[in-house]
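Dock the two chains into a complex; use the hints.
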Amino acid sequence: MLFNSLTFLYLLAPTFLLYYLPFMHRWQLHLIITASFIFYAYSEPWLLTLLVISICINIVASYGAVHGAPDRRKAYATLGVVVNLSILLFFKYSPLFGRTFFSGTDLGSFLVAIPLPVGISFFTFQGISLAVDAYRGRDLPEYKSIIVKNIWQHSLRSAAFKSFFPQLIAGPVVKAKDFLPQIATKTFARVDWEKAIGALVVGYFLKMVVADNLSEQTFWLTYPYFKGLSSITLIALLFGYSMQIFADFAGYSLIAIGLGHLFGYTLMTNFNFPYLSRSFSEFWKRWHISLSSFLREYLYIPLGGNRKGPVRTYVNLMATMVLGGLWHGAAWSYAVWGAFHGGMLAVERLLHDKFNGPFKVPKLLSTLFIFFSVTLAWLLFKLPKFDDVIAYMQALGNNWSGADMQPLILFFIGLLSIPVVAYHLFHSGNEDRARARRATWRPYAYGIMLFLLLTNSGSGGAFIYFQF
Amino acid sequence: MVKRMFLTFALLVLAYTAFLKWVPITYDTGQHLQGSNRIKAENYLYGEVEAPKDVIVGSSLAFRMVADSLKPGTFNLAVGGLSLQEGLDIIARSGRWPKRVFIETNILFRKYDEGFVKAVTNPVMFAARTRLPALRERNQPSGLLFGWVKEKAKAELGVEQDTLTALDGNTEVTGKFMLDEQLVLYKKIPGGDTTATHLERLAAAVSELEAHGAEVVFFEMPLDKRLMEMPLAEASRALIQHRFPQHRYYQAGPNEHYVTTDGLHLRQESARRWSRAFRRALQE
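Protein chains in written order, with the numbering used here: chain A, 1 to 468; chain B, 1 to 284.
Derived from the structure by calculation, the hints contain no laboratory data. Ideal placement from N, C-alpha and C gives every residue a C-beta, glycine not left out. Keep in mind that the hints are not guaranteed to be accurate.
Going by beta-carbon spacing under 10 angstroms, a handful of chain B positions derived as facing chain A [what the hints assert, rightly or not]:
#1 Leu11
#2 Leu12
#3 Trp22
#4 Gly35
So that you can see chain B by itself, here it is in the shape it has in the complex (with noise of 0.2 angstroms):
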């Protein structure tokens, strides 16, 4: 039985490599939350190119960025429900520095996930899923059965990306809910020593990130007009440019107008639109 068992396997194995190397996958195959997030990271890491000109790193809100309205070759390292650091430890990890790091402050104090991190750069799954690209979370076979469906869809129904995947789950009825949530969070701020901790971590981060060259900027995500002066908000945008004073800080105007799904999350054509001031603003 071992025996039979082995020799499936191997053969398995042999045949799905041999299919993801000769099959290009040119869609998304992200299954949930979690699993894009280290998609991006594992894309980061294994990037066969040089190292993108210009990261953005931050939370689920800059997450939402569009691809398509960023100056090409942007990567979008913002990994949603987690925070700036995760993404500034692997630009650290990987080794590959780029010119310019877009931190997306907004979520400042979330809780630092190092399992996520030790997860995408452990050095033995690093050595495995350098060689066996079977291994990396793109290929996973549900991630791909589930895209290509998804792209039948599209194709056939005539189904908007948005309905099939709402990754962070924020769509319209439920971001009713959430928005009531969180106008009671942005009402706290958090402890001095909270806000130290990721504070000096996050300095040390940037001069890493300058002593190797690349230039950091600063930018807060439009959030729901409500949220914005909430003191939560403010707490954060005053801490940044009080530590970061040299470096350059960029938010929508007064007059932009954009629209969230549930207070944090913009909408998808905001998205698009605030990508676009984005890049004219910092990229150009």
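Here chain A stands alone, though its shape is the one from the complex (with noise of 0.2 angstroms):
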């Protein structure tokens, strides 16, 4: 079910109404996994098995991490880890293994033709952070009262934050120690309105006004369409797709967010102006901030980090970033975009080493740098397929003359980026000055989104990140 649909409305809205009700307020966890297996089943009702199916393996999981036996309580956290690689890699990976090593053979028809059921990469991260944290914390007084001793209790309270609906399907992946402290009652007069609503209203508005018209252009970032565009009109498709893809995950992140507000959670930021970076560990502090925070604490910093040497944090973080890329799609062009990006957090890495701090460079030009790059790494997101990728690259170096310049393009991935490059600018500078000029200008510019929500959507599409 998507989020910009009348259908998600007709479950809201009555889900919203009754989660408030006094009569309702212990049956409210037993309301939001009701809505959430619905949200989550609607289109194929057989993927709930395997939600179902994941939900209890981590109630077992983590509650015996916690209240086990003393000296089982390491293999209950470890099964918890395997079973949730186990069920993503299965699903996940299958069709590029088939591809790639089993390609002809009846195995290969096989792992190709396993479905990818939606939102696997986010439940069975939450899945991971629920088993591990809870064995983390089995001595800490503080982490025995999120996995209570109640077992019906427990398991009620780990079924609402796996399956949470705000963010089920494309995250902000939300960990275990974060979520479950804030299971309580919830009543109507504590819902933050002013956060809810500026969520709501800036998430839908990324989403259907800038991402889905934008979605409409950079269609012609597919081969061969692309192939007789010009140089220029190639370059405007590739950075309308960088401010369609931020538009898409960031405005599912921020209608996720207030979602959340709305039932009385608060979810993390996933995203923070990512286009101002600088560099490119800032750039990943501030671009799915969820995911990366994740990777660090749960793969980055088990590995060592940085704390053996610095090849060995060169080694780290080329793997994370590998992981990483490969967790966004089964297909080897995400592993070399992580890669890519692993790369470039090495050498910025290095290059701090040997300047003993940062390598300055003018804020401008940096800021650039990096936009740019990440711009054109976004192209092995859009083209999956090597071949596909050359093929643009060629058109790019080619395609300077005697090619179709396309003005429709230009224009309107000119005009829609102006809400995402608007959104970066009006939060850089002083940070003062910065939150002064939006709190007199936000109720005004909600309103104007508000409009053009209403006027000017695209054609509801599914969010990108769906497929991850």
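This is the structure in structure tokens:
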């Protein structure tokens, strides 16, 4: 079910109304779980089976990791991690293995035919977080209250955590230690309307007005359509896709955060104006923050982080980013995309070590460099086949004259990019002044966004990150 | 903050509704292929006068037929990137039955886009768009702005419409690559199940049209000569003629020559000539 569909509104409205009725207070978790299951099962009901199995396994693993026999707690946590990873590997990467290693065989055909359940990358990561957080905090009193002793209560809380519909399908990736302590009776009077409405308006605006309209133009970034387009148009398309992917995913995250506020939960900020970044490490602190913090906490640091010397640090960065790339999709191009980012992070770290501090480059220059590098790398997202990427780069190099200019594409990419550029610029510069500016203009800007949502929305397409 | 937000929003909606009521928009406001499809569908659904006598349904091939070369009042409901079935469904769901329906059959086996039809015929949105024209695709502010810029450019710079709006992207250079692709695709005929499903769905739609008194005529848009003789084109032709033997089937004569941009879509001059030939043969 899409956030930008009427069907979702039909689910959200009664769920919200029931949720805050006084006699429903003790049933709030049950209601969240029911609504989340309907949300998830709406398009393909059978997928719910997988989600329920995954939830059950995580309930057992996390409970065992805290309340099990002391000598078996580690085994429970390990079981949780292994099973979650196995589910992810089987459903997400079997087709890639089938195509790469068993092409043309019966096994290959079987592996390629395995469907990709929507949101699997997100809910399995949350399952890992549940098992690991439970085990790491097993002897800390505050963790004992997260994984409660009553197994039925623990099951309800874990099911609500894993299936909470605002973030079930495309994040933000919520960690157990951040979500579970928030579970309590919620009252209507405590809804933070300003935060909820603000996030929902900006999120829906970014998705439905900016990303959905841009997607109609960036469609031409598809093989073979782009081959005859002029280099200027190809650059504009790539720029437009960079704007689109930000608007699409940041929009989704803001909608999720806004919905979370409606139900009394605070989900972590997932985007912090990433195109203002001056370095790759800063970019990853601003882009898909919930994933990068998850990878840092559950992969990079356990691998040794930067504690085992410079070479090991570079290897760890590379390994984390390649796996992070593959998390996005079962194609080698995603691994290359991850390797590119990992490589750049390693080079930055090398320069940092060599010059004993950050490498000094004028602010504007470094921001533009990061933006253009990141934008160029998005090509691997849009064109997962290497041959298509090469064809695109060839066209980009060759079509400086005699090719189609397509003023329509240039006009709309320019027009639709204005909100994303303005959104970033509005938050740049002196933080106090920026905050004052925002406070003054916010209600009017939201009013305009709401108007454009009503009158200028694109054709409600799926969110780009659903495929991950 | 919330109050000021809703106040700003309400004022903008009121001002824009008044603008649309008092300033007539006579130019094309299509921004992209899907948007232009929705404009067509909405224009058909929200038409305030009686149903058009002649309606054309089909794909982006018939989309290119030139309105002023057809019989006046002909409604071209052909939709780019989609096919005949979406147009037929929109007629059926609108309840506005024409006298004659011309069905373009070149793109016969394209997957039916239920989402498109649902989006334009959704009862809640239908009611909202009927009462508030600002919600219609043709009235999108960005489309109005682009259309206005386009009109200015045409008037002041003497720029041709086609260079400004290549809605299906198939201009000359892109077309060269597209033809190579089509030559490969036209070698393949879909399996029996696919063809049967599409033909049954078409037959049901034709029966419904005829039950409402409409005459149905099939026609084929001219393609690049090489494509016309390839298996997919020949199979599509044969299947229609076999399934609907009583119906008229019109195609370009062997001596007629039309030029395409990409093998499939007619260049503007050819589209105009073909539209005139179509009118002479079928509409007069």
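Hints versus structure:
With its C-beta approaching chain A no nearer than about 8 angstroms, leucine 11 (chain B) sits inside the 10 angstroms limit, and its interface hint holds. Given hint, leucine 12 (chain B) at the interface with chain A, holds; its Cβ is 4 angstroms from that chain's nearest Cβ, closer than 10 angstroms. Restraint check, tryptophan 22 (chain B) versus chain A: the minimum CB separation of about 17 angstroms is more than 10 angstroms; hint violated. Look at glycine 35 (chain B): its Cβ gets to within about 7 angstroms of chain A, closer than 10 angstroms, so that hint holds up.
Of the numbered hints listed earlier, the single one contradicted by the structure is hint 3.
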